[in-house]
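4 protein chains.
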Amino acid sequence: MFNIGILGCGRIGQVHAISIGAMDSATLVAVADAAPSAAEALSARHGARVMDAEILISSPEIDAVIIASPTDTHFGYIGLAAAAGKAIFCEKPVDLSSEKTRECVAIIEKSGVPFMTAFNRRFDANFSAMRARIAAGEIGDVELVAITSRDPSPPPASYIERSGGIFRDMMIHDFDMARFLTGDEVIEVSATGSALVDAEIGRLGDVDTAVATLSMRNGAICQISNSRRSSYGYDQRVEVHGSKGMLRAGNVLENTIEMANGAGFCKAPAKYFFLERYKEAYRAELEHFVTAVTNAESPSPGIQDGLAALLIADAASRSKTANATVSIGS
Amino acid sequence: MFNIGILGCGRIGQVHAISIGAMDSATLVAVADAAPSAAEALSARHGARVMDAEILISSPEIDAVIIASPTDTHFGYIGLAAAAGKAIFCEKPVDLSSEKTRECVAIIEKSGVPFMTAFNRRFDANFSAMRARIAAGEIGDVELVAITSRDPSPPPASYIERSGGIFRDMMIHDFDMARFLTGDEVIEVSATGSALVDAEIGRLGDVDTAVATLSMRNGAICQISNSRRSSYGYDQRVEVHGSKGMLRAGNVLENTIEMANGAGFCKAPAKYFFLERYKEAYRAELEHFVTAVTNAESPSPGIQDGLAALLIADAASRSKTANATVSIGS
Amino acid sequence: MFNIGILGCGRIGQVHAISIGAMDSATLVAVADAAPSAAEALSARHGARVMDAEILISSPEIDAVIIASPTDTHFGYIGLAAAAGKAIFCEKPVDLSSEKTRECVAIIEKSGVPFMTAFNRRFDANFSAMRARIAAGEIGDVELVAITSRDPSPPPASYIERSGGIFRDMMIHDFDMARFLTGDEVIEVSATGSALVDAEIGRLGDVDTAVATLSMRNGAICQISNSRRSSYGYDQRVEVHGSKGMLRAGNVLENTIEMANGAGFCKAPAKYFFLERYKEAYRAELEHFVTAVTNAESPSPGIQDGLAALLIADAASRSKTANATVSIGS
Amino acid sequence: MFNIGILGCGRIGQVHAISIGAMDSATLVAVADAAPSAAEALSARHGARVMDAEILISSPEIDAVIIASPTDTHFGYIGLAAAAGKAIFCEKPVDLSSEKTRECVAIIEKSGVPFMTAFNRRFDANFSAMRARIAAGEIGDVELVAITSRDPSPPPASYIERSGGIFRDMMIHDFDMARFLTGDEVIEVSATGSALVDAEIGRLGDVDTAVATLSMRNGAICQISNSRRSSYGYDQRVEVHGSKGMLRAGNVLENTIEMANGAGFCKAPAKYFFLERYKEAYRAELEHFVTAVTNAESPSPGIQDGLAALLIADAASRSKTANATVSIGS
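Protein chains in written order, with this note's numbering: chain D, 1 to 330; chain E, 1 to 330; chain S, 1 to 330; chain Z, 1 to 330.
Quick caveat, the hints were computed from the structure, so don't treat them as lab data. Some hints could be false.
It does not matter which identical chain is meant; a pair holds if it fits inside one copy or across any two.
Said to hold, decoys possible - Okay, derived cross-link-like pairs now, EDC-like style, lysine to aspartate or glutamate, Cα gap no bigger than 20 Å in a straight line: (1) Lys100 - Asp305; (2) Lys110 - Asp63; (3) Lys244 - Glu200; (4) Lys100 - Glu188; (5) Lys271 - Asp151; (6) Lys271 - Glu254; (7) Lys244 - Asp52; (8) Lys271 - Glu258; (9) Lys271 - Asp305; (10) Lys279 - Glu254; (11) Lys110 - Glu297; (12) Lys244 - Glu138.
A quick note: this is a predicted structure, and the numbers were derived from the prediction, not measured.
Work out the full structure, taking the sequences as your base and the hints as a guide.
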């Protein structure tokens, strides 16, 4: 049996606890949270022990830790877990600082522990099937990619303040998706944005409506658009144009019902937000992690993928400020 | 130049006048209508002379007549036009009585004049492409057909009274479509219906909601549904299942716009009614007639097709009354 | 804890065992099957004991039985379980004979045990949402219903032989759906069919392509079509027209991907068959059963619903033979 | 009667000649082309006289000229026609040079002749309906716009050489669409591109795959993508996100047919190219011109709109070279 401990018992920690509960091959042994009540609630629901985070990480019965705590705690937990030889499943972003993320890369590579950056969208059945078909050459060489991500409503100001900005917090998923779908690397980025949804977000120095244009090593171009507002549910679409055709993945609607009357033909809104939309992807990513680690294979995406997406986000932030195209990692 | 006279200057006569106006190869020479004002209005718009119907039919400068007058005048005009050796383009139904229609068949076959029954839907680009693909074997042997036709709103009682009932007035188009798409003949029909939309229609002995099941000679089954009510525009759909796959033709919407908000994803209603929906089909059917006649070929559908559809409609009416399946032509 | 025993460890029994495994409130205690290996396989996977069916039914620790064994065993098991005071969850059809089903109704009503007929489609999220919207009056009075059900491929002859024919085996789901969606009763049925997919099915006296027209008490008409062949996956569609609008539920596709190239715009096939398509509905129906029984409420659909659907199927069979419309229960 | 002369008898000149032929209120009086055979062919088909361009422009019987000749002739013809007091309908771009276009603006404004820049897409029924709904406030304030335009295949090198580059030749339509749909002005642009479709286009210093990001005065952001390759027909889509919802206009497919088989559900490709897709828009734009001029109103879009789009195209070209965001008109 593969024994897992969860660090951070918030929304995502709870999702992972449920996923483990449905697995034959893994057990949730312990949970930790800075807020004892959160840890106890999760413990009660899943029959896991409550531990201090440090004790959990060093506990000999634990095989792997899921780091689902606030981003600023990731760095410390990664260091401890690597030192303790635990497999690590870490929510994105690894860290908001590319320097500290590079340190994590060094730590992980030196320690040799398995590490997975939890880019859940790669495990969505639609996007993973698209990747497989692109990799199989079905649309030829990739030329143009369009990624649309829109949240149903903006998060509170308190979240925005610690988020690292829309490029590191929200668009980082799309940067990873661009790399994942094309199997290519981003070399340049040009980005801009406005605070159109919530003026408070603008006062905090962030934007809520943002776009970026990525130039890929092989010449393909990728357009991304993000908004913190979507009246019709969580908007998650991808369109990839190649030399032989186009593949796109549309939204997942709440149901298949269509109503027709004088207003026309109306389908249901998209599923509300990430927990509904990616429910199955969250399960699949954890299953991949458990399977990979128990088979002594490297889980993917790894820590280098976490760093790569963050470097694009950094460049996008700089591009927005400089009003110019910026090279990645420069 | 191919000279045409129009008998009946109502809605459909006007549609045909416009079609002729756009043709290089045909001219509208004369029009006739029992109501002089209708004839004069059409004449003024298209520069054609107003004539008495009988004079028009026998006029030596006329090559062909379009019979777009009330159904009970068709029989007489067909006789006169056949005697005068004119090519005949006749709106459906040829006549409400199958006996008189059979007489027309005899008259036309004896006279040898070209005759076309104006089943406009055969000339819709979508349905004609479907027919071509079915005939080419793309879906293998036809097994099951579903035809849906719904008018936006019921006609006035005065129309219903002279219509011959929903099977002869409305579903006759679908009977023809079943024959056209399958290239097969109907051997049995079972039909029923209710007056759900307008109680007045029920009092007149007709129904406004009707269905029929057709058994085709080759074993295929066809389901048809009709309603005199459709809140979302003129509903005109066909679905044909074969041994190798399915082909369907969907509605033609008013435009391609989709609106998304909290209500979901809404497309425009279907085009309102037959004049909008089949505008191009009306043009194409007349062009086919003119081209066929000027090339000394038989226009299609011919008078036998008009008779065949009427015999199915008769059988459907009897089936509804008898609560039993009825053989065609029996 | 609510203790369940499963009678019949085939495909559906396995589905229910998994559903129970995911429930907090119920436990799979025992399984039985005429084939010991099937019972043992299921037992091993879910940690339940293997018992003889009769012993299982009378075991005091069992609160409810799931009857998922061959149809001809239902009658006996229902009698034993009712006598033992167990709640009963029974796969459809309750029995192929309406007389024996009527006996079951009497037994259940006399014993007072909770009984649920497992019409899984009622628990599909799309169809249940449609029912709720129809019941809320969103489309006004129901006028016309169209139900399409197509299996991906015909079952083997051995299955057909014991199936009771397409109306009792396959279309019975659609008969129940017509009653469920409209909240109305069927009073007359007209049905026909052909053996077009597999000549062997015809030799066995059954058909593989069938249609029925139902007349509902309130005047609405329902058209159903069934085929044992669908090249594009399991086809499960419903369309309900009312006085104010139309609601339809489309197919559930394998994924949201659309491919565009010279062939046009291509979406994925529908999910392959009932296990994939109704996976979640199977879970939801069992959850409803457990919740209802533990709350001392009647689960729905009940045994009367099982009888009602069978009586329509009987009438459809007679209609096909008689080539006439047949009244229900007559 | 409103008398029109056409300068340039190529593909677009022919389209306009057909449109005039279908109008009651306008007549095609004369045509001119540097290639006498082209002028004669068009003349023969529409019964118009062949004239020298200069003579046509100064002919007293001509009320308006359609300038559909090569772009480098526009400037001269505009000067002559303005001097002759003719109403001018000019294909886009007015000129490839913004300086000469500014001169044209001065000439037109001084002369006071009616002038229309032929941005045909504004007259597409879908896009004009979208504009009306946006202007009516249906989606609130515009926040994000996505425009996709893809030609089915690249033009020959000879065309590319004189085209002014993809931003002035192709994306200029999308720049106009951004202004038209938002009713707002572009203040900054960032653009990039690659030669991925045809290496020869790259050798000529142009690109065949290009994207641009526009910042609008009111804060909205617009993403545009262009490609000279589309395997599935002429791709012409627009998506506008506002504070209250989203409106999008999809592609116009060749027909409404859907084929379903093991490959899934396949719809027809989009209409092949601009002549098929915008057939009705070409007719509508000319009708607008004729109606406006005969009613002594200013046709729209005017010459300032032609200049505005060109200035954005110039800025996009500079942005691509400079790898930086560029202000419009700077």
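Taking the hints in turn, this is what the structure says about them:
no. : hint            : in the structure
1   : Lys100 - Asp305 : within (14 Å within a copy, 51 Å between copies)
2   : Lys110 - Asp63  : within (18 Å within a copy, 57 Å between copies)
3   : Lys244 - Glu200 : between (45 Å within a copy, 19 Å between copies)
4   : Lys100 - Glu188 : neither (22 Å within a copy, 35 Å between copies)
5   : Lys271 - Asp151 : within (11 Å within a copy, 29 Å between copies)
6   : Lys271 - Glu254 : both (5 Å within a copy, 17 Å between copies)
7   : Lys244 - Asp52  : neither (55 Å within a copy, 46 Å between copies)
8   : Lys271 - Glu258 : both (15 Å within a copy, 18 Å between copies)
9   : Lys271 - Asp305 : neither (28 Å within a copy, 33 Å between copies)
10  : Lys279 - Glu254 : both (13 Å within a copy, 17 Å between copies)
11  : Lys110 - Glu297 : within (17 Å within a copy, 61 Å between copies)
12  : Lys244 - Glu138 : within (7 Å within a copy, 24 Å between copies)
Hints 4, 7 and 9 from the list above are not met by this structure, while the remaining hints are.
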